[in-house]
Amino acid sequence: MPSRRRTLLKVIILGDSGVGKTSLMNQYVNKKFSNQYKATIGADFLTKEVQFEDRLFTLQIWDTAGQERFQSLGVAFYRGADCCVLVYDVNSMKSFENLNNWRDEFLIQASPSDPENFPFVVIGNKIDIDGGNSRVVSEKKARAWCASKGNIPYFETSAKEGVNVEEAFQCIAKDALKSGEEEELYLPDTIDVGNSSQQRSTGCEC
Amino acid sequence: MLDGTEDEEKFLAAGIAGLQQNSFYMHRALDSNNLRDALKYSAQMLSELRTSKLSPHKYYELYMRAFDQLRKLEMFFEEETRRGCSIIDLYELVQHAGNILPRLYLLCTVGSVYIKSKEAPAKDVLKDLVEMCRGIQHPVRGLFLRSYLSQVSRDKLPDIGSEYEGDADTVSDAVEFVLQNFTEMNKLWVRMQHQGPAREKEKREKERSELRDLVGKNLHVLSQIEGVDLDMYKDIVLPRVLEQVVNCKDELAQFYLMDCIIQVFPDEYHLQTLDVLLGACPQLQPSVDIKTVLSQLMERLSHYAASSAEVLPEFLQVEAFAKLSNAIGRVIEAQPDMPTLGVVTLYSSLLTFTLHVHPDRLDYADQVLGACVRKLSGKGKIEDSKATKQVVALLSAPLEKYNDIMTALKLSNYPRVLEYLDVPTIRVMATVIIQSIMKNGTRISTSDKVEALFELIKGLIKDSDGTSNDKLDEDDFKEEQNSVARLIQMFYNDDPEEMLKIIETVRKHILAGGPKRLPFTVPPLVFCSLKLVRQLQGQEENPFGDDASTTPKKIFQLLNQIIETLSGIPVPELALQLYLQCAEAANDCELEPVAYEFFTQAYILYEEEISDSRAQITCIHLIIGTLQRMHVFGVENRDTLTHKATGYSAKLLKKPDQCRAVYACSHLFWVEDHDNMKDGERVLLCLKRALRIANAAQQMANAARGSTGSVMLFIEILNKYLYFFEKGNPQITVASIQSLIELIMNEMQSDSTTSDPAAEAFLASTMRYVQFQKQKGGAVGEKYEPIKYEPIKA
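Protein sequence lines correspond, in order, to chains A and B. The UniProt record's numbering applies: residue 1 is where the first sequence begins, and numbers increase by one. The UniProt record's numbering applies: residue 1 is where the second sequence begins, and numbers increase by one.
Do not take every clue at face value.
As a list, the in silico BS3-like pairs of lysine-lysine whose alpha-carbon atoms are at most 30 Å apart [what the hints assert, rightly or not]:
#1 B:K116 <-> A:K32
#2 B:K410 <-> B:K323
#3 A:K32 <-> B:K72
#4 B:K375 <-> B:K462
#5 B:K127 <-> A:K38
#6 A:K31 <-> B:K72
#7 B:K323 <-> A:K38
#8 A:K160 <-> B:K234
#9 B:K116 <-> A:K160
#10 A:K38 <-> B:K249
#11 B:K727 <-> B:K644
#12 A:K38 <-> B:K116
#13 B:K516 <-> B:K439
#14 A:K174 <-> B:K72
#15 A:K174 <-> B:K116
#16 B:K501 <-> B:K439
#17 B:K10 <-> B:K58
#18 A:K94 <-> B:K439
#19 B:K72 <-> A:K178
#20 B:K58 <-> A:K38
#21 B:K118 <-> A:K31
#22 A:K31 <-> B:K234
#23 A:K32 <-> B:K655
#24 B:K655 <-> B:K553
#25 A:K32 <-> A:K94
In case anyone wonders, no lab produced these hints; they're calculated from the structure.
When you get a sec, could you build the whole thing from the sequences and use the hints?
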């Protein structure tokens with residue numbers, strides 16, 4: 001019997017403000033792109049059905065606010081993630097340098113059971129800009145960083161032109177599935193046979 | 001007794017435990033396709049969200065766990081419908097849940113499946129759900145429930161191109177739904193501040209602040225709806241959102257939501273609706289930090305303008321500068337108590353904006369600075385350090401944009417803004433200006449520009465009225481004055497007339513600098529002037545003998561005056577060096593009297609001012625070196641000067657110093673390429689005198705310490721002998737060299753001499769040179785051949 005909980009894969013996209021997290025998600029899920037910059041507030045997800053080895057999975061892709069002031073409630077949604085996508089803009093050195101912080105922050109907050117082997121995928125976005133002339137982070141440099149962090153798969157994409165987006169998410173889905181980040185198995189202390197209603201309601205009856 | 005946070009942890013843990021237990025049973029029910037139990041346990045699970053004991057952060061943790069479970073339930077509902085269960089029945093069924101909060105969560109979850117099934121138009125289901133959610137009026141619970149509704153409906157809005165798009169006017173339905181949810185959420189959020197006891201106000205404010213993104217997220221959803229084009233944004237979205245913002249009369253909400261509007265909607269929309277957006281600003285509560293809101297708007301638009309030249313026409317078309325400028329004026333007008341920081345921040349943002357959008361309209365930039373000056377006037381110097389920083393940012397912006405101080409100099413209000421800074425900051429700003437000039441290698445080419453520039457950097461040029469520099473760190477002061485010195489070197493014009501004017505202008509300003517600054521600023525001015533002399537030197541004198549024209553003579557007169565200003569300080573060594581530089585330049589211009597005058601000045605300084613023996617040594621060597629290169633003097637003048645120089649040399653305090661200076665003087669009588677300045681006899685006289693002094697030095701050492709000193713001096717003199725020997729001075733004979741070598745050997749072997757490896761090495765290499773010359777053969781070899789030398793056997 002295929003376990004229901006295994007058919008849903010949770011992916012978190014992180015990265016600095018303006019690197020194209022929302023655009024990557026929109027390109028992958030809706031095949032749409034807008035050049036306009038619109039900040040994301042809080043966390044927001046879209047889902048997409050993916051087929052893998054004759055099985056259907058629902059990919060739950062969480063897009064996040066890159067600007068800290070729009071993340072007022074914290075990051076409880078990291079919990080239970082199966083894969084984390086780190087995005088930077090190849091035309092911004094700072095966004096690349098911050099990948100370290102995003103990765104550390106994720107590992108601390110999500111506290112996966114096996115942080116060493118938790119699947120990350122790195123995406124260098126906006127390779128289309130200025131025909132690649134304004135690029136400041138070389139592919140070599142990015143790959144070196146990925147290698148140093150335990151061979152993180154690396155993709156260079158253009159969310160605008162849809163280059164490599166599909167491939168990147170294929171990899172993301174595959175890694176998320178492989179990670180098998182099992183949810184902690186819950187077993188109740190006692191098994192009620194009667195009708196146990198939770199009587200810890202508090203004041204208001206709504 | 002537990003403190004608040006520990007309490008909370010306990011409640012959260014209990015909530016999670018209850019949630020896990022019920023979700024366990026829910027899963028069992030799902031696995032066995034037991035719909036009734038699934039609903040029962042999911043409702044019990046959701047009951048955990050009815051707690052009031054958690055802060056928003058903790059509640060969010062609990063909510064997320066429930067949220068994850070509901071995704072599985074949602075999948076189950078989908079499977080159920082595929083198995084033939086009617087979605088409409090399901091929609092009815094979940095409403096049997098006992099408590100309203102679980103009921104509404106379940107309803108939203110089934111609703112999501114309902115929309116997907118397309119058995120009813122999306123807009124009807126959405127409308128139903130958003131209405132039903134009114135049932136929860138508890139702010140935290142209500143906000144999270146509505147946030148849940150917003151999330152599950154996120155990809156099911158009847159947007160254009162969406163599969164849920166209905167027949168007609170559907171985007172409006174989507175927008176209407178989100179706006180309604182937004183309005184309700186904002187009401188819950190604003191009302192929260194009025195609930196609970198007054199003493200917990202601070203805590204409530206903090207909690208409200210944590211919850212803000214739940215409200216703001218609706219705006220994000222609106223911005224992501226593709227069907228919201230400019231028209232719809234202008235006609236419906238923005239007015240409705242602003243109406244809510246203005247009417248809620250809540251400071252926190254207004255500030256946050258204005259920020260959200262600016263950040264989530266695209267730049268093009270802002271440009272086309274500037275009037276409306278800016279029009280809302282004066283309607284906000286007076287306590288709202290409107291300057292930050294406006295600054296963020298201008299910052300965003302500045303980035304947009306900088307992104308591509310193609311977008312600039314949009315800005316012009318809507319007259320963005322005028323609108324922003326007016327809006328700022330109105331805001332400042334409306335808030336007479338606005339602190340200086342706020343005022344300057346606003347103008348600084350506006351200036352950055354206009355520099356990006358209208359780089360060609362310097363008048364706009366000047367206008368902004370002028371408006372800023374008007375607001376600052378009457379308030380005296382700015383004392384707030386943050387405001388000061390902001391002014392520095394304001395004044396740095398044009399420099400960064402144009403990379404050219406010339407442009408900033410055209411801004412008439414620029415120096416007027418400077419006046420409101422305190423003295424240390426004026427100096428910082430002056431340094432920034434100089435750095436900009438140095439970085440860009442800007443040539444300052446007219447006296448007018450120099451005049452204007454000195455006005456800007458006057459903080460470095462002279463003490464400001466009533467304040468002294470006592471407190472200033474010595475190193476900082478030096479650093480600053482060095483930068484002024486570097487700056488003076490950047491003044492240049494090819495035209496000698498203009499260059500002279502520049503020099504006069506610089507002179508006028510630096511003379512006001514006082515004794516501490518002159519030693520830094522006079523030298524670069526002198527060298528600037530000498531540069532002009534060199535330039536004129538190659539040219540013919542003006543044939544018409546026009547008095548007004550720039551001639552080296554005139555510049556030398558000026559130089560004399562300039563250097564004279566150092567006399568009162570006193571820095572005699574520096575003045576002496578500068579006189580010598582001038583003398584050399586006068587020499588190259590063939591101006592004997594002028595050169596003589598400069599030498600005279602240098603000698604006077606030497607005799608009257610320089611008493612330190614170390615300084616004397618340095619100066620006498622400078623004098624000898626310079627005098628050696630002078631060819632302009634006639635016999636009489638030259639004799640006077642050389643005679644004096646040898647006299648000074650022989651009067652130095654320490655014998656070795658005397659000796660070295662005297663043998664250096666020998667070069668004054670033997671100048672290569674000038675046959676009339678070769679006097680072998682006097683060369684020999686100098687060297688012999690040096691030898692006598694060296695002897696005396698040895699004896700003194702013997703008498704005082706019981707051992708003779710080093711033979712170093714003799715070897716140095718030997719080198720001089722060899723030099724003149726080689727140059728063909730007939731007075732220097734092989735015999736005299738030979739006897740000097742023997743003298744040195746004897747000294748070195750004498751018992752009372754302490755061995756000196758340096759002297760031994762020096763002698764060895766001197767003799768190696770002789771050997772080398774011998775081996776050359778020919779005339780040189782022959783000349784050296786008679787010199788004999790037997791090294792000492794160790």
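Okay, the hints, checked on the actual structure:
no., hint, in the structure
1, B:K116 <-> A:K32, "holds, 21 Å"
2, B:K410 <-> B:K323, "holds, 25 Å"
3, A:K32 <-> B:K72, "holds, 28 Å"
4, B:K375 <-> B:K462, "holds, 28 Å"
5, B:K127 <-> A:K38, "holds, 27 Å"
6, A:K31 <-> B:K72, "holds, 26 Å"
7, B:K323 <-> A:K38, "holds, 23 Å"
8, A:K160 <-> B:K234, "holds, 26 Å"
9, B:K116 <-> A:K160, "holds, 29 Å"
10, A:K38 <-> B:K249, "holds, 26 Å"
11, B:K727 <-> B:K644, "holds, 25 Å"
12, A:K38 <-> B:K116, "holds, 27 Å"
13, B:K516 <-> B:K439, "holds, 27 Å"
14, A:K174 <-> B:K72, "holds, 21 Å"
15, A:K174 <-> B:K116, "holds, 27 Å"
16, B:K501 <-> B:K439, "holds, 25 Å"
17, B:K10 <-> B:K58, "holds, 11 Å"
18, A:K94 <-> B:K439, "holds, 24 Å"
19, B:K72 <-> A:K178, "holds, 20 Å"
20, B:K58 <-> A:K38, "holds, 29 Å"
21, B:K118 <-> A:K31, "holds, 22 Å"
22, A:K31 <-> B:K234, "holds, 27 Å"
23, A:K32 <-> B:K655, "violated, 92 Å"
24, B:K655 <-> B:K553, "violated, 41 Å"
25, A:K32 <-> A:K94, "holds, 27 Å"
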